[in-house]
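Novice: I would like the entire structure built from these sequences, with the hints used as guidance.
Here is how the chains run, residue by residue.
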Amino acid sequence: MTTINLLWVVPFLPLLGAFLNLVFGKRLSRGTVHFVAVAAVAASFFTAFYLCVGYWNPAHPLDWQEGPLWRAYLAWKQGGKVGAFGVSEHLWTWIQVGDFRVDMKLALDPLSSVMLLVVTFCSTLIHIYSTGYMEHEPRYAAYFGYLNLFTGAMLILVLGASLPVMFIGWEGVGLCSYLLIGFWFENEAYATAGRKAFVVNRIGDFAFLLGMFLLWWATKGQDGGASLDFAAIRHVGEATPIYYEQTFWFREHLAAIAGVLLFIGACGKSAQIPLYVWLPDAMAGPTPVSALIHAATMVTAGVYMVARLSFLFAASTTAMGVIAVIGACTALAAAFMAFAQTDLKKVLAYSTVSQLGFMFVGVGTGNWTGAIFHLMTHAFFKAGLFLGAGSVMHGMDGSGDIRIMGGLKKYLPITRITFLVYCLAIAGFPLTAGFFSKDSILAGAWAAHGDGWPAFFGKMLWSMLIVAALGTAFYMWRLYFLVFEGEYRGKDQVAHPHESPINMTGPLMVLAVLALVAGFIGVPHVFPHANFMTFFPEWLSHSVKPMWSEDGHASVLPHLSKAVEWGLMGVATLVGLLGIGLAYALYGKGPSPWVERFTASEPGRGLYEASKNKLWVDEVYEAILIRPFRALARGTFEIIDRFMIDTVVVNGSAFVVKTFSRIASWFQNGQVQRYLVGVVVGAAAIFLWTSRAEHPTFKYRWTADGIEFRAEPGHGLRRDARVAWDFDGDGAPDPGETGRQVTKKVGEVGRRVTMFVADPVFGDKQSKPPSWRKVTRNVVVPSEGRDAAAAQGGQP
Amino acid sequence: MKSILIDIGYSHFLILAAVLFAIGTAGVILRRNILIIMMSIELQLNAANLTILTFARMHGDLSGHSFAMIVIAVAAAEVAVGLAIVVAIFRGRRHVDADRLNLLKH
Numbered sequence: 027m028t029t030i031n032l033l034w035v036v037p038f039l040p041l042l043g044a045f046l047n048l049v050f051g052k053r054l055s056r057g058t059v060h061f062v063a064v065a066a067v068a069a070s071f072f073t074a075f076y077l078c079v080g081y082w083n084p085a086h087p088l089d090w091q092e093g094p095l096w097r098a099y100l101a102w103k104q105g106g107k108v109g110a111f112g113v114s115e116h117l118w119t120w121i122q123v124g125d126f127r128v129d130m131k132l133a134l135d136p137l138s139s140v141m142l143l144v145v146t147f148c149s150t151l152i153h154i155y156s157t158g159y160m161e162h163e164p165r166y167a168a169y170f171g172y173l174n175l176f177t178g179a180m181l182i183l184v185l186g187a188s189l190p191v192m193f194i195g196w197e198g199v200g201l202c203s204y205l206l207i208g209f210w211f212e213n214e215a216y217a218t219a220g221r222k223a224f225v226v227n228r229i230g231d232f233a234f235l236l237g238m239f240l241l242w243w244a245t246k247g248q249d250g251g252a253s254l255d256f257a258a259i260r261h262v263g264e265a266t267p268i269y270y271e272q273t274f275w276f277r278e279h280l281a282a283i284a285g286v287l288l289f290i291g292a293c294g295k296s297a298q299i300p301l302y303v304w305l306p307d308a309m310a311g312p313t314p315v316s317a318l319i320h321a322a323t324m325v326t327a328g329v330y331m332v333a334r335l336s337f338l339f340a341a342s343t344t345a346m347g348v349i350a351v352i353g354a355c356t357a358l359a360a361a362f363m364a365f366a367q368t369d370l371k372k373v374l375a376y377s378t379v380s381q382l383g384f385m386f387v388g389v390g391t392g393n394w395t396g397a398i399f400h401l402m403t404h405a406f407f408k409a410g411l412f413l414g415a416g417s418v419m420h421g422m423d424g425s426g427d428i429r430i431m432g433g434l435k436k437y438l439p440i441t442r443i444t445f446l447v448y449c450l451a452i453a454g455f456p457l458t459a460g461f462f463s464k465d466s467i468l469a470g471a472w473a474a475h476g477d478g479w480p481a482f483f484g485k486m487l488w489s490m491l492i493v494a495a496l497g498t499a500f501y502m503w504r505l506y507f508l509v510f511e512g513e514y515r516g517k518d519q520v521a522h523p524h525e526s527p528i529n530m531t532g533p534l535m536v537l538a539v540l541a542l543v544a545g546f547i548g549v550p551h552v553f554p555h556a557n558f559m560t561f562f563p564e565w566l567s568h569s570v571k572p573m574w575s576e577d578g579h580a581s582v583l584p585h586l587s588k589a590v591e592w593g594l595m596g597v598a599t600l601v602g603l604l605g606i607g608l609a610y611a612l613y614g615k616g617p618s619p620w621v622e623r624f625t626a627s628e629p630g631r632g633l634y635e636a637s638k639n640k641l642w643v644d645e646v647y648e649a650i651l652i653r654p655f656r657a658l659a660r661g662t663f664e665i666i667d668r669f670m671i672d673t674v675v676v677n678g679s680a681f682v683v684k685t686f687s688r689i690a691s692w693f694q695n696g697q698v699q700r701y702l703v704g705v706v707v708g709a710a711a712i713f714l715w716t717s718r719a720e721h722p723t724f725k726y727r728w729t730a731d732g733i734e735f736r737a738e739p740g741h742g743l744r745r746d747a748r749v750a751w752d753f754d755g756d757g758a759p760d761p762g763e764t765g766r767q768v769t770k771k772v773g774e775v776g777r778r779v780t781m782f783v784a785d786p787v788f789g790d791k792q793s794k795p796p797s798w799r800k801v802t803r804n805v806v807v808p809s810e811g812r813d814a815a816a817a818q819g820g821q822p
Numbered sequence: 008m009k010s011i012l013i014d015i016g017y018s019h020f021l022i023l024a025a026v027l028f029a030i031g032t033a034g035v036i037l038r039r040n041i042l043i044i045m046m047s048i049e050l051q052l053n054a055a056n057l058t059i060l061t062f063a064r065m066h067g068d069l070s071g072h073s074f075a076m077i078v079i080a081v082a083a084a085e086v087a088v089g090l091a092i093v094v095a096i097f098r099g100r101r102h103v104d105a106d107r108l109n110l111l112k113h
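Protein chains in written order, with my numbering: chain A, 27 to 822; chain B, 8 to 113.
Since the hints were derived computationally from the structure, they do not count as laboratory data.
Accuracy of the hints is not assured; some may be wrong.
[As the list claims (entries may be wrong)] Chain B side only, calculated, beta carbon under 8 angstroms to chain A, not exhaustive: (1) Ile30; (2) Thr32; (3) Ile36; (4) Ala105; (5) Asn109.
Computed from a prediction, not measured in an experiment: that's the story for all the values here.
Idealized CB from N, CA, C, for every residue including glycine.
Specialist: Here it is in structure tokens:
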């Protein structure tokens with residue numbers, strides 16, 4: 027990979043814009059705020075365009091300067107097409123712990139170049155559109171700050187060269203999504219929707235982290251494996267496939283577990299079953315946000331991540347099967363839920379979930395290029411649809427209820443035309459962008475034949491998708507007819523709908539053009555003269571791992587005969603037209619009476635209710651997940667927080683301190699006389715305690731001469747004290763025995779020996795007999811062998 | 008005939024001093040009238056004086072006497088200052104009850 031040093035600019039510019047608007051925005055004028063925001067993303071787009079493709083030198087109109095990625099591509103072509111190509115930039119070392127080393131590294135290759143251009147381009151248009159849509163917003167700077175922050179985080183996600191760096195962006199876009207869904211947080215329901223999105227995404231992010239750890243564990247010790255760098259872990263898997271194919275759990279490949287864990291992360295971000303529930307609620311955010319984050323860019327991050335890790339997923343047909351089945355189920359279920367929605371944005375939200383399901387079927391069948399192709403065209407027409415919806419709501423004073431619309435083509439001509447184009451594209455009308463991309467996914471699904479998959483697997487996916495495509499065409503055109511055709515039904519609510527200003531319709535028109543023509547870069551091979559127009563899959567194929575083989579060569583697309591390919595295309599076209607026709611028949615001139623009759627009686631009523639209530643998924647989650655979880659939370663709250671922490675730890679320690687302080691303050695009450703009581707009592711106690719040791723005493727021991735008695739000079743035995751002894755036990759001092767140390771024969775000593783002490787303090791020197799203090803001890807003399815003991819001089 | 012004085016030893020002096028000191032201490036602790044408290048303190052000081060003098064005589068050492076003189080001088084000074092304070096308090100408050108003089112307590 028070639029190293030360049032301009033890549034950091036692309037995410038940095040929007041982040042800088044976010045910094046300016048979030049920190050200084052309150053003091054800036056509205057003009058400055060949106061100039062900073064729009065300029066930041068526009069400059070980011072132009073930088074990205076230069077990096078990927080190149081630029082025209084204005085001074086020499088014919089002098090085309092190639093960008094770094096394009097130069098790398100040309101060099102790679104000249105060098106015999108060996109390996110992969112791309113450019114990267116190493117900024118700094120982010121984490122280094124032992125062997126684990128993560129570099130803050132950005133990489134640009136064909137896959138990320140597509141995302142890069144789509145993100146920056148859509149973001150620029152939507153920033154421009156927002157200047158009109160959010161015109162009267164009081165928190166104008168905060169809105170643009172968040173929007174810029176989102177763009178920056180999304181670009182980090184796209185450009186990150188390793189999983190941890192991608193995860194920064196992954197979490198960053200999640201944060202911005204939360205902030206922008208709950209942008210009007212004064213409305214409790216909107217704030218709740220933001221929290222719901224955040225919490226559901228956390229579930230996915232946890233699995234994403236686990237998958238990341240598992241990959242690190244599997245590749246640590248390998249060349250570069252400990253960095254989780256995409257190129258390095260791909261290299262590990264290709265050089266030594268055993269690392270991803272080792273048996274791990276339930277005798278399945280490690281790649282399957284890691285892949286499914288990462289896919290759960292993608293489910294959260296990209297709103298797939300079972301974690302899709304946040305996306306419809308996310309429509310609480312401002313409509314341009316829905317267009318940018320919840321349609322065009324952020325929600326496709328999961329698809330991008332799976333394509334980015336194609337080498338890992340390609341190693342496990344189990345993981346791919348899981349992805350494909352979940353994608354197909356999501357596509358079907360969400361299409362069904364969209365039928366009976368009455369809110370303009372809700373229909374589009376379920377449509378987004380459904381289209382993301384299409385993309386996951388694409389990556390789940392190894393059709394990476396088809397998925398990314400659909401991701402790109404979907405970004406154009408779905409962003410357009412949301413912006414169109416925003417334009418309609420702008421004209422309808424903020425209402426998104428399609429029951430009060432109708433006939434708006436009179437009032438909003440530009441919005442109507444562009445909306446028509448987007449609806450054609452999403453329904454797969456021939457030669458529009460959606461037609462080619464959807465056909466690519468459908469064809470890939472039809473031909474998919476992975477190891478261990480049943481033979482009908484691909485056909486089953488295809489038929490699920492074709493039903494979903496029929497539904498898509500139907501509900502999108504139902505929406506179109508209800509909003510723009512027929513009679514205007516909302517005269518009571520909004521008297522005069524009006525067209526939006528040019529800064530809103532401009533982006534609509536640009537996106538409409540792209541929704542028409544963007545498909546021509548990925549035309550199937552079977553088309554005549556399609557050589558250049560198949561550029562897109564070829565370009566992308568350098569970044570992803572081919573899963574199929576065609577004529578013995580590895581191929582990113584499964585092999586299909588021309589006849590089958592034309593046939594599939596024909597079926598898809600027919601299905602699209604059928605959906606449009608059905609919608610026209612039922613809603614072409616306002617809701618037809620047949621619809622009323624159908625939904626009023628069984629089984630139509632049941633189906634209608636099921637679709638309107640979104641198959642009661644939220645209610646089921648509420649019953650089986652949220653309520654038990656809430657009960658658990660309440661239980662732990664009562665036991666741990668309320669009882670253990672509040673009562674025992676906090677109030678308990680306070681109680682102990684209070685009790686002791688009461689006792690202490692009872693002593694320290696300021697009454698000097700009471701202190702004095704303490705002093706006197708203490709002094710008396712000390713006096714008594716110390717005087718205990720002051721009594722004189724004596725000791726004795728056996729010696730060779732007999733028993734030696736020695737007066738101990740305790741505190742009470744003064745130097746000038748007189749000492750007398752009574753050895754015979756008659757209670758009076760023996761005459762002449764006044765020494766402090768006396769040795770007596772064994773026979774001369776009785777059982778009780780008394781020492782008499784008289785000193786000038788306690789006894790008068792002169793008085794006769796003196797007032798003695800007596801110290802009496804029993805002398806232990808062994809009954810046998812006294813002499814022997816005496817002879818040995820042993821101790822008694 | 009034995010003189011009564013001969014039977015009076017050092018211990019008697021010490022016991023008397025201890026009794027005086029105990030009375031003084033009890034007065035300081037139990038009474039609430041500052042004037043009485045000060046008188047009790049005087050009693051304690053003089054009990055201490057008596058003890059010092061007893062020991063000085065016991066050891067035949069004059070330094071104890073000088074201690075006692077210093078104590079008497081300090082006690083005089085203390086009484087002069089203390090009585091002045093008591094008089095000042097009485098002028099302001101019309102009482103000298105120690106328990107009620109708790110202005111600095113809270």
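Novice: All hints, please: hold or fail.
Specialist: Results of checking the hints against the structure:
The beta carbon of isoleucine 30/B comes no nearer than 13 angstroms to any beta carbon in chain A, farther than 8 angstroms, and the hint placing it at the interface is violated. For threonine 32/B, the interface hint holds, the least distance from its beta-carbon to any beta-carbon of chain A being 6 angstroms, beneath 8 angstroms. Taken as an interface hint, isoleucine 36/B checks out: its beta carbon lies about 5 angstroms from the nearest beta carbon of chain A, inside 8 angstroms. At a threshold of 8 angstroms, the smallest CB-CB gap from alanine 105/B to chain A is about 7 angstroms, leaving the interface hint in force.
Interface hint at asparagine 109/B: satisfied, since its Cβ lies 6 angstroms from the closest Cβ of chain A, which is below the 8 angstroms cut-off.
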